[in-house]
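4 protein chains.
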Amino acid sequence: MAGSSIGKIFTVTTWGESHGPALGAVVEGCPAGLPLSPEDFTPFMERRRPNGGRFSTKRVEADLVEILSGVYEGVTTGAPILLLIRSTDQHSSDYDETARLYRPGHADYTFDAKYGIRDPRGGGRSSARETAARVAAGAIAAKILRALGISFDTQVAAIGGISASDPEKQAACVDAARKEGDSVGSEVICRISGVPAGIGDPVFDKLDARLAQAVFSIGAVKALDIGAGREASKMRGSDHNDPLRMADGIVTKTSNHAGGILGGISDGSPILLHVYFKPTPSISKPQETVTKDGENIDLSIRGRHDPVIAPRAAVVVEAMCAVTLLDAMLVNMSAKMTSVIDFYK
Amino acid sequence: MAGSSIGKIFTVTTWGESHGPALGAVVEGCPAGLPLSPEDFTPFMERRRPNGGRFSTKRVEADLVEILSGVYEGVTTGAPILLLIRSTDQHSSDYDETARLYRPGHADYTFDAKYGIRDPRGGGRSSARETAARVAAGAIAAKILRALGISFDTQVAAIGGISASDPEKQAACVDAARKEGDSVGSEVICRISGVPAGIGDPVFDKLDARLAQAVFSIGAVKALDIGAGREASKMRGSDHNDPLRMADGIVTKTSNHAGGILGGISDGSPILLHVYFKPTPSISKPQETVTKDGENIDLSIRGRHDPVIAPRAAVVVEAMCAVTLLDAMLVNMSAKMTSVIDFYK
Amino acid sequence: MAGSSIGKIFTVTTWGESHGPALGAVVEGCPAGLPLSPEDFTPFMERRRPNGGRFSTKRVEADLVEILSGVYEGVTTGAPILLLIRSTDQHSSDYDETARLYRPGHADYTFDAKYGIRDPRGGGRSSARETAARVAAGAIAAKILRALGISFDTQVAAIGGISASDPEKQAACVDAARKEGDSVGSEVICRISGVPAGIGDPVFDKLDARLAQAVFSIGAVKALDIGAGREASKMRGSDHNDPLRMADGIVTKTSNHAGGILGGISDGSPILLHVYFKPTPSISKPQETVTKDGENIDLSIRGRHDPVIAPRAAVVVEAMCAVTLLDAMLVNMSAKMTSVIDFYK
Amino acid sequence: MAGSSIGKIFTVTTWGESHGPALGAVVEGCPAGLPLSPEDFTPFMERRRPNGGRFSTKRVEADLVEILSGVYEGVTTGAPILLLIRSTDQHSSDYDETARLYRPGHADYTFDAKYGIRDPRGGGRSSARETAARVAAGAIAAKILRALGISFDTQVAAIGGISASDPEKQAACVDAARKEGDSVGSEVICRISGVPAGIGDPVFDKLDARLAQAVFSIGAVKALDIGAGREASKMRGSDHNDPLRMADGIVTKTSNHAGGILGGISDGSPILLHVYFKPTPSISKPQETVTKDGENIDLSIRGRHDPVIAPRAAVVVEAMCAVTLLDAMLVNMSAKMTSVIDFYK
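Protein chains in written order, with this note's numbering: chain A, 124 to 468; chain B, 124 to 468; chain C, 124 to 468; chain D, 124 to 468.
Since the hints were derived computationally from the structure, they do not count as laboratory data. Check the hints yourself; a few may be wrong.
Copies of the same chain are indistinguishable here, so a pair counts whether it falls within one copy or spans any two.
[As the list claims (entries may be wrong)] Computed list of lysine to any residue pairs in SDA-like fashion (alpha-carbon distance at most 20 Å, straight line): (1) K292 x A280; (2) K266 x A287; (3) K408 x D305; (4) K302 x M358; (5) K468 x D235; (6) K415 x R182.
All chains should be built: construct the whole structure from the sequences, respecting the hints.
What follows is the structure, given as structure tokens:
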């Protein structure tokens with residue numbers, strides 16, 4: 124399976140370039156019988172749109188998701204669901220310059236190294252715009268997970284190293300960067316509640332391992348903590364181990380340094396991820412770079428770019444976690460002989 | 124593909140439990156014509172064995188790897204390579220207690236939740252011993268990568284938060300923990316040199332995403348940084364972006380905050396990972412836990428356990444990175460029409 | 124990977140229902156640098172269209188294939204290629220009757236059994252119309268194979284058991300069936316020339332095994348012969364074995380009962396498949412069947428349907444073989460260490 | 124996934140060469156809680172062993188299957204099951220001749236073409252002996268299917284084109300061939316009863332398509348019929364379509380030309396396959412062939428070889444069908460939202 128697909132049973136394949144006529148996703152393996160309409164995507168797409176606030180550039184409408192297949196009379200049929208998002212902005216003439224040079228912090232050089240060719244319009248395939256398709260697919264996964272009692276709380280945790288508890292300082296940090304034609308790094312926290320114990324696989328497909336792939340597949344992610352994360356590397360075992368106690372007849376943990384996953388399998392506690400983003404690579408401040416022809420130049424990237432990634436990327440993290448968790452839950456249904464026999468009797 | 128396999132072309136499937144008669148791996152998709160003998164595994168297995176030093180318990184022989192298939196007259200044939208490591212220690216009687224309770228920080232409870240059954244002997248399938256099979260498979264991948272000019276430098280970077288530049292303080296930290304029946308967290312740094320630009324895929328199979336899955340699939344890993352990692356989230360774009368310059372006719376970067384990967388594809392700079400391990404969960408210090416029958420108890424884990432994970436896990440990180448990188452390189456061979464035509468003309 | 128995808132490196136995922144707004148395919152893993160334009164699809168789509176001749180119903184335009192992604196300035200970029208074919212005919216009101224009953228020889232009942240829901244418009248997902256997307260994807264594969272010196276000769280071999288050498292009798296057979304509101308079975312022969320020796324894998328992914336899956340995934344296929352096929356089961360070994368002889372310094376076979384594949388790997392001779400189709404299941408002659416509500420009824424299917432499948436399905440067989448063979452050839456590029464080292468030096 | 128693995132959830136990977144120290148399989152994704160002991164393999168291995176009767180050469184013991192992992196106290200744990208079959212016969216010196224030439228009808232030449240190297244001992248990886256591992260894995264699948272009410276009836280249907288209803292004539296046919304140092308083709312029929320309606324996927328992973336791959340992956344298979352098979356291509360639609368009728372409140376078919384599968388999904392009728400084998404390629408009658416050095420020679424293959432394949436291959440067909448069907452049934456468990464919600468409530 125080529126690199127634009129993820130998942131084993133609930134699989135998502137994204138397609139499309141930033142400035143092509145449209146982009147989207149094919150969602151395979153969605154269980155039949157789920158009510159699904161274009162409105163289901165709205166709250167997710169809304170969280171991803173530029174809202175003209177302090178942390179994004181211009182105010183635009185949220186992307187509209189069209190369903191071209193897999194839904195009949197408002198209900199999924201089990202067939203592949205083709206999600207299509209039309210482009211409203213295709214001014215490819217702006218990208219003549221990008222075509223002839225390599226932007227620092229972007230994939231321009233590496234695409235040319237791999238493929239010998241690159242669609243330079245708006246970043247082409249490696250544009251952040253590709254994540255719109257992920258968010259649309261994630262909306263489907265999240266709807267199913269909600270029906271199973273699973274909910275997400277995903278927030279911007281820090282901007283430029285400044286915690287969300289100090290929003291004024293965060294805003295000042297972004298304003299200062301923007302004024303200098305610069306950008307800042309950021310952090311997202313995602314907490315998944317209601318996941319039953321027993322989800323995930325023991326070895327290479329540990330639930331945390333698959334979440335790690337899903338999260339690191341988002342451009343600009345540079346680090347991930349699960350549970351106590353990096354701090355765990357400085358702790359004592361007696362502090363880090365989460366004690367187990369019975370509570371109302373159920374096995375519970377009195378702390379959650381594990382972040383809800385032990386040995387790659389969910390333990391019933393909330394799953395906790397911290398995701399760290401690099402600063403937006405597109406900055407107007409001059410940078411040293413090279414052209415395709417091997418000339419050293421100074422580059423100042425024109426156009427408006429978000430000065431910080433997390434505010435719009437939080438929903439992308441949530442979408443990737445939803446897709447990954449749902450897939451693990453569908454795979455899990457055949458883990459026990461008793462389940463298989465119950466299903467087929 | 125069930126959860127014990129990883130890779131698309133060069134695939135590794137591990138099998139076996141800690142205290143079963145043997146464990147090992149099947150390596151599929153290894154190119155034919157590679158000289159391979161049991162001695163090739165020795166330096167890798169040696170790095171994983173307990174050496175009786177300050178950071179591991181008892182001194183034992185390194186695991187011996189037998190090749191049962193896929194090699195003829197000392198050369199790989201392209202057929203699956205079955206690697207077998209016999210167990211020397213099968214005292215399953217020691218594990219009666221483990222069978223009836225859930226050790227904090229271990230997968231005992233989650234295995235029971237998922238499967239309704241668990242092999243309690245030495246941690247069964249989720250034992251660190253499973254990584255012996257990974258290291259054996261990684262030795263094959265690393266040998267091929269060496270032939271392609273790629274080398275690894277993998278080190279313990281910190282123990283209990285103390286940097287490797289202060290070995291005396293590290294040792295004291297471990298000694299103190301051990302004396303108290305406790306353990307400490309740790310950190311590994313892995314640096315991969317010689318990777319050509321162009322390896323990896325743009326979307327879900329980004330090279331960093333697949334390395335993340337590979338690394339988080341090692342039990343006890345709680346965090347990962349690629350390149351600048353978490354620090355990137357506190358930086359300005361103008362500091363974080365790696366400037367490009369021509370050097371001897373080649374595109375080079377004058378810094379490497381990206382950690383050798385841009386847009387999921389290698390950029391020709393060294394790939395840099397920091398991997399963070401939790402403290403060893405098996406400690407003799409008393410802990411609160413529960414039995415399978417739902418009784419609250421205090422547990423003091425008997426037997427000798429390494430007080431810190433990184434020293435023996437460093438080679439596991441290297442093995443997982445080698446397996447993942449090699450697979451991406453084999454997949455990459457058909458990325459361009461010119462390569463396909465050259466190959467078949 | 125859910126059931127609408129095929130292939131490991133060159134992967135094709137089809138989506139869409141017969142009477143939805145559009146259907147199509149995502150082609151992943153297409154090598155970058157292939158010139159590709161909508162015109163490349165025309166000859167393939169033309170072979171699949173109803174041409175109003177003796178063997179199909181009404182004359183209509185060939186389907187138009189739009190490329191929504193993966194191509195920049197007329198050349199593939201290595202990104203997923205989204206192929207879209209808009210529907211021109213969406214009279215879903217015709218399908219009220221189909222919705223409430225199960226047509227014999229169709230997937231109506233089995234879809235309801237599996238999914239509990241079904242898109243009844245024109246056969247929905249299991250319509251022969253889905254193969255339009257396969258043909259479009261196959262056109263890409265075939266273009267690459269042509270560049271590698273590989274060509275296809277795919278023909279209708281028999282209709283109603285009558286060989287293509289007797290076209291008049293074939294026509295009479297079809298006319299007679301049509302007049303009675305009936306249909307007839309048919310056979311396609313596909314011969315692939317120019318395949319180099321060495322393509323395919325030894326065990327489960329034998330080239331013939333993967334071709335078999337590809338061919339049997341076409342609705343209405345009931346049998347397949349590779350090489351001598353069923354006749355081989357009646358032969359002596361001394362007759363069936365293809366003798367090897369040197370010819371101009373090359374190993375050649377003086378017969379080809381193997382059909383170009385030995386041990387799952389191509390031997391350099393033409394690959395030969397005979398594919399057998401059942402009669403078109405949609406017939407106007409009355410048939411016994413049941414409704415969804417469990418009532419026995421007599422059904423006479425209205426509307427025009429091709430009385431025989433092979434004439435329009437031949438190009439579908441060719442498309443599936445092209446997709447499968449190309450994928451095997453891309454996978455094959457890393458089979459030898461010498462190839463890997465040559466590629467990366 | 125390389126070519127020695129098959130399946131999505133219940134996956135089987137075979138390893139080992141004919142004359143290596145051992146061969147076997149790794150079975151991943153087996154549900155936990157299945158009682159499994161070495162005795163479970165005996166009846167299957169017994170059916171595959173040479174029994175010294177008219178259709179096989181020498182009488183030998185059935186292969187002994189050892190379980191090295193994945194079973195604890197006689198019950199599967201959900202972990203990979205390593206099955207090991209030790210070789211009793213490793214006289215590799217016999218194979219010096221095979222190493223230097225290409226046997227007609229064998230994979231010798233194609234292996235060399237693909238890999239540039241080949242294990243010549245007893246056919247190495249492409250030996251029929253590899254199927255012992257498949258049969259062992261199939262025994263596990265079949266045991267699970269039995270618990271779900273599914274049974275197999277697999278028989279030799281014909282030898283040298285002579286039907287099983289005439290055993291005397293069959294025996295004479297084999298005797299005549301053997302006397303002349305020759306071999307004959309054969310046919311197996313496999314009938315699977317008790318499969319519920321709704322198993323399989325609509326497009327590329329049609330149940331018949333996956334069975335076709337599974338069956339054609341057995342060396343020497345040259346043709347496959349599903350249901351009416353090749354005869355369907357000569358029939359009228361009104362004869363071929365299976366009428367549907369209600370019987371005791373259940374949808375039933377009054378004939379089964381479809382062979383139990385409609386649109387790739389099981390319809391509740393028995394699944395019916397006819398599998399056609401070429402004659403054993405190893406014959407002592409002289410044949411024309413070439414050496415690796417490009418010399419034309421005459422070859423008379425020494426040693427004892429079964430003169431006909433079906434008698435020992437019938438159980439291999441059954442094993443491959445069992446593995447494939449079980450995998451499709453496990454995948455199927457998440458097809459409906461109602462099933463997913465029921466499972467997790």
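Hint check:
1. K292 x A280: within (13 Å within a copy, 33 Å between copies)
2. K266 x A287: Classified as neither; 28 Å inside a copy, 47 Å across copies.
3. K408 x D305: within (6 Å within a copy, 51 Å between copies)
4. K302 x M358: Answer is between; shortest inter-copy Cα gap is 16 Å, intra-copy 41 Å.
5. K468 x D235: between (56 Å within a copy, 18 Å between copies)
6. K415 x R182: Neither. Shortest intra-copy (34 Å) and inter-copy (51 Å) distances fail the 20 Å Cα cut-off.
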